[in-house]
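Take the given structure of chain X and dock chain E to it, following the hints.
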Amino acid sequence: MRKVIIMLILCTFLLSLTSCFDSIEMDDLLYVIAIGVDKGISDKWRLTIQFPTMQEGGGQMQSVSGGSSGSSGHSYASIDAPSFFTGIDMLNASLPRKLDFTHAQIIVFSEELAEGGLIGEYIAPIARFGDIRRSSHVFVVKGKAMDFIKENKPLIGTTLSKNFQVLAHASENTGFFPHVTLENFYEDLKSPYGQTIAAMASVNDLKSFAGEGEPWGTEFKTGGSYFAGQLPRTGKNKIEVWGTALFNGDKMVDKLNGDETRFLLMIRGEFRQGRYTMKDPKRPEVIIALDVRISKKPEIEIDIKDENPEIRLKFQLDADILSVQSMIDYENPELLPLLEENFKKTVEEGIMALIKKCQDLNTDVFYFGENAAKNFFTIDEYESYNWNSRFKEARVIVDVDFAIRRTGTQIKSYPIKDPIGVE
Amino acid sequence: MNLILAIKNIIIYKEPKNTYEFELLEDEQEDMKSGADHTSYGNDTSAAQSLDNSNNVYKELNKNIEEIKQEFHFPTNKDIVIREFKVMRKTNACIVYIDGMADKSTINDYILRQLMTDQEMYEDTKISIDYITNNLLAINQITKHISLDQVIMQILNGLTALFVEGCEECIVIESRGYEKRNITKPEVEMVIKGPNEAFTENLRTNLTLVRKIIRNKELVTEFVPLGKTDNLTCAIMYIKGITNPKIVREVKRRITGLDVDIIAGSGGLEQLIEDHPLSLFSQLLTTERPDKTALYLMYGKIAIICEGSPYASLAPVTFFHFFHSPEDYFLHWQFSTFLRLIRWVATSLALFLPGLFIALTIYHQEMIPTELLFALSNAREHVPLPTLFELLAMEITFELIREGGLRIPGAIGQAIGIIGAVVLGQASVAAGLASPILIMVVSIAGLSSFAIPNYSIAFAIRLMRFVFTFFGGIAGLYGITAGIFIFGGLACSMKSFGVPYFSPIAPKTKAEHNIGIIAPPWTLKERADYLNTGNRSRTGGTVRGWIRQDKRGNDK
Chain X
1 MRKVIIMLIL
11 CTFLLSLTSC
21 FDSIEMDDLL
31 YVIAIGVDKG
41 ISDKWRLTIQ
51 FPTMQEGGGQ
61 MQSVSGGSSG
71 SSGHSYASID
81 APSFFTGIDM
91 LNASLPRKLD
101 FTHAQIIVFS
111 EELAEGGLIG
121 EYIAPIARFG
131 DIRRSSHVFV
141 VKGKAMDFIK
151 ENKPLIGTTL
161 SKNFQVLAHA
171 SENTGFFPHV
181 TLENFYEDLK
191 SPYGQTIAAM
201 ASVNDLKSFA
211 GEGEPWGTEF
221 KTGGSYFAGQ
231 LPRTGKNKIE
241 VWGTALFNGD
251 KMVDKLNGDE
261 TRFLLMIRGE
271 FRQGRYTMKD
281 PKRPEVIIAL
291 DVRISKKPEI
301 EIDIKDENPE
311 IRLKFQLDAD
321 ILSVQSMIDY
331 ENPELLPLLE
341 ENFKKTVEEG
351 IMALIKKCQD
361 LNTDVFYFGE
371 NAAKNFFTID
381 EYESYNWNSR
391 FKEARVIVDV
401 DFAIRRTGTQ
411 IKSYPIKDPI
421 GVE
Chain E
1001 MNLILAIKNI
1011 IIYKEPKNTY
1021 EFELLEDEQE
1031 DMKSGADHTS
1041 YGNDTSAAQS
1051 LDNSNNVYKE
1061 LNKNIEEIKQ
1071 EFHFPTNKDI
1081 VIREFKVMRK
1091 TNACIVYIDG
1101 MADKSTINDY
1111 ILRQLMTDQE
1121 MYEDTKISID
1131 YITNNLLAIN
1141 QITKHISLDQ
1151 VIMQILNGLT
1161 ALFVEGCEEC
1171 IVIESRGYEK
1181 RNITKPEVEM
1191 VIKGPNEAFT
1201 ENLRTNLTLV
1211 RKIIRNKELV
1221 TEFVPLGKTD
1231 NLTCAIMYIK
1241 GITNPKIVRE
1251 VKRRITGLDV
1261 DIIAGSGGLE
1271 QLIEDHPLSL
1281 FSQLLTTERP
1291 DKTALYLMYG
1301 KIAIICEGSP
1311 YASLAPVTFF
1321 HFFHSPEDYF
1331 LHWQFSTFLR
1341 LIRWVATSLA
1351 LFLPGLFIAL
1361 TIYHQEMIPT
1371 ELLFALSNAR
1381 EHVPLPTLFE
1391 LLAMEITFEL
1401 IREGGLRIPG
1411 AIGQAIGIIG
1421 AVVLGQASVA
1431 AGLASPILIM
1441 VVSIAGLSSF
1451 AIPNYSIAFA
1461 IRLMRFVFTF
1471 FGGIAGLYGI
1481 TAGIFIFGGL
1491 ACSMKSFGVP
1501 YFSPIAPKTK
1511 AEHNIGIIAP
1521 PWTLKERADY
1531 LNTGNRSRTG
1541 GTVRGWIRQD
1551 KRGNDK
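Which chain is which? The protein sequence lines are X and E, in order.
For what it's worth, our numbering labels the leading residue of the first sequence as 1, then goes sequentially.
For what it's worth, our numbering labels the leading residue of the second sequence as 1001, then goes sequentially.
Looking at chain X on its own, in the form it has when it is part of the complex (with noise of 0.2 Å):
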């Protein structure tokens, strides 16, 4: 009995002194699902946080007390900081609850921020934080990172955090961003086999999107030549992700459009899928439509014996005809190779441009440097090679493979009849 006496006593010594030091309620946390880096004003850094307010919508339960109050459920709060910490502890002065990053989907950088060469500073803190995932995705925001996530609404559902959740996938099936996480963009950036990237975002002002004006002729544009923030738009949802913003070191250089991304992301080998549209090489007044897909990952042979290294890129994309709008009967075999070779031409010749424009810019975001690192026997030697520097005058031969599979629900196209009788 007295040993059961003892035992208790100890244990209630044990736990009291102990126990749930940790825990902490889930209604007593703050889940910032969005974070926004700006150059402050009144200090060094503007940090924007946006967060669920757990009211209306916020999350997905239905409320025991009805009523809608028609808010969005979100809210943000901006402050100016000496850093990144301080600021977080400086934001609780208005947030009543613990902030919690473990939620963070997107981290945000201002264009000005990264044109300024300066997320290496702002990335330090963000990086070495052990709550923020280092699947979060990355943007560089047209603009200001604040007025970024002051636009970042849900428009579809409740919850904003499932949006960010499906953009990995928009990113494999449309390929005109990249699906860039902390994790990648942090490591590129310290990383000797190439250069970083990151996602565009903008905000559109939707002044793109002509109200009135001459219809449109039959001049031909392929629908990604758009920088982030310039698509003819409208509607309610302001932001958009689009295009990649390119790196050298931890500056931003310049930025890629729909099209070039897409190129880009071929060559990394993170392209999926993605639809084209493209001149009928016989009626050019009309378009054809692709759905075109990689079915190998790209081959990269890299050659170091001269003076210039020599890259050879070897990809095999297959494609499904969409559409043939000048009903001409493509589907013949006699015919489709006329098809394949004007496609194939449009993309060896947009990945020659791309890449030229990447090494006039002096960086290789396309990672060639794994490949190169294959001819060197120790990392030293790669590392003292120096690739980044070489990747400039490197010589380029594309060569793209390109079948069209299939046809769609049509094996054969008819021309439509001509009208009898009308002018």
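Hints were generated in silico from the structure; no laboratory data involved.
All residues carry an ideal CB built from backbone N, CA and C; glycine is no exception.
Take the hints with a grain of salt, since some may be wrong.
Okay, derived cross-link-like pairs now, DMTMM-like style, lysine to aspartate or glutamate, Cα gap no bigger than 20 Å in a straight line [to be verified]:
| no. | chain 1 | residue 1 | chain 2 | residue 2 |
| --- | --- | --- | --- | --- |
| 1 | E | K1078 | E | E1067 |
| 2 | X | K190 | X | E348 |
| 3 | E | K1246 | E | E1218 |
| 4 | X | K221 | X | E348 |
| 5 | X | K314 | X | E299 |
| 6 | E | K1059 | E | D1149 |
| 7 | X | K162 | E | E1371 |
| 8 | X | K98 | E | E1218 |
| 9 | X | K98 | E | E1371 |
| 10 | X | K162 | E | E1366 |
| 11 | E | K1495 | E | E1274 |
| 12 | X | K314 | X | E341 |
| 13 | X | K357 | X | E310 |
| 14 | X | K153 | E | E1371 |
| 15 | E | K1104 | E | E1174 |
| 16 | X | K98 | E | E1381 |
| 17 | X | K44 | X | D80 |
| 18 | X | K44 | X | E121 |
| 19 | X | K39 | X | D89 |
| 20 | E | K1090 | E | D1149 |
| 21 | X | K3 | E | E1015 |
Computed footprint of chain E on chain X, listed as stretches where at least three residues anywhere in the stretch have a Cβ under 8 Å from a Cβ of chain E [said to hold, decoys possible]:
| no. | region |
| --- | --- |
| 22 | 24–34 |
| 23 | 157–165 |
| 24 | 227–233 |
Chain E in isolation, oriented as in the chain X frame:
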């Protein structure tokens, strides 16, 4: 100072007390062959014991009657019946039995009628015990006793004792015929496909039910008396040549070593002969099904059946046996495997779900998917209580419904249970006392514990759930890991009649393909390795002898 000493006493290492622990080791072959019959425990009822007993049957009938009257407190005790009469109208005699325990028609028709008939042809015959047993009694089972104590014991069992004037022996006549329940359907271990007989309270009936299935001369039933005052018998069944005789010996050693006034049936007996009575996990498997008993006997295990309880206790068993349902063997092995997996899922849910829930929600929010976390967090906005308290309150409510529903009589009970669960759950959410997801967690854990086929292990898991909830609440996933480590270690160190509790997994013995996933029945050719059975093989060679050997070749 005293306190420090006491604390020191708890912490310091002490030499373990040198108690004998039964282990089932692999032995020389000869030991295996020597049967269990060498040991003389229990009751080879007869003269041998009575010699050293001074209280013998008297020659004079009157003295015997006096002695019996005194022993049974006659006439205060109204149950005892002493009927005096004359055998063949000349010799004084009397029969003694207990009213209600003995069958009246047997006594009237086959004892009294036979003895009292005047057989004129044999008038000169001398009436002796032998004459009566050989010529008069038309009864199948008769024993002769010298010791009066033994006679009294037999009378208590429902037999009839016949004392004859001038004889120093007493004839004990089989006449048991007390009221008993009919054989009914099993209530706990129901199956859809398979026999539907369950044990009853009558020991003889139960033994017959088993013997009906195993019609083998090697099936041995031994009787061991239980309890010092209530004189219950318990039967030990095993199959000679298969069951390791050491287990039989150990079981008998434990049962005969008991010294207590009354033992509460098989449940009480189990607790008294278990290796680790402090553990939550039972080390004997209780079943109410004769077919399951027969199956386990054939595997080389022992069945202990107590008079008066409708269960057989099977030993030695491992942890995994508690999750086997008799239906597993009646269904296709694929179906049974699926059912087994479901049961394992249910077990882990019943055991860990509330603990994991509490650990994740108050320590590891980063491990919950974002959407779910927001939903959980949103649902908790209205709840004023800490999650741990909320969870414990709901768990206790659930247990209340369960226990309360059991005690409410008849058909209302179930209805109250369901209504209680629905109404209380709904109301506590509406009142803001609990979040709906938490109620789901508690109900899933509760439901899962019903999927475990054995009642005692389900109970153990039900209790362990609280322990893990507590551990999860104290230290998150670390606490749960520590809990698994502690209780897993304790459970692994246990033995059930010499067999490690987690064999054949820990320690690893030759695989018994019958633990989680059931192998096709024709591949189960061997008995479990850890039982060290006398005969390992279950088959002479091929289970399906009809399969043609040349099946795979060309059938030309």
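*asked:* When the structure is checked against the list of hints, which entries are broken? Sort them ascending.
replied: 2, 8, 20 and 24
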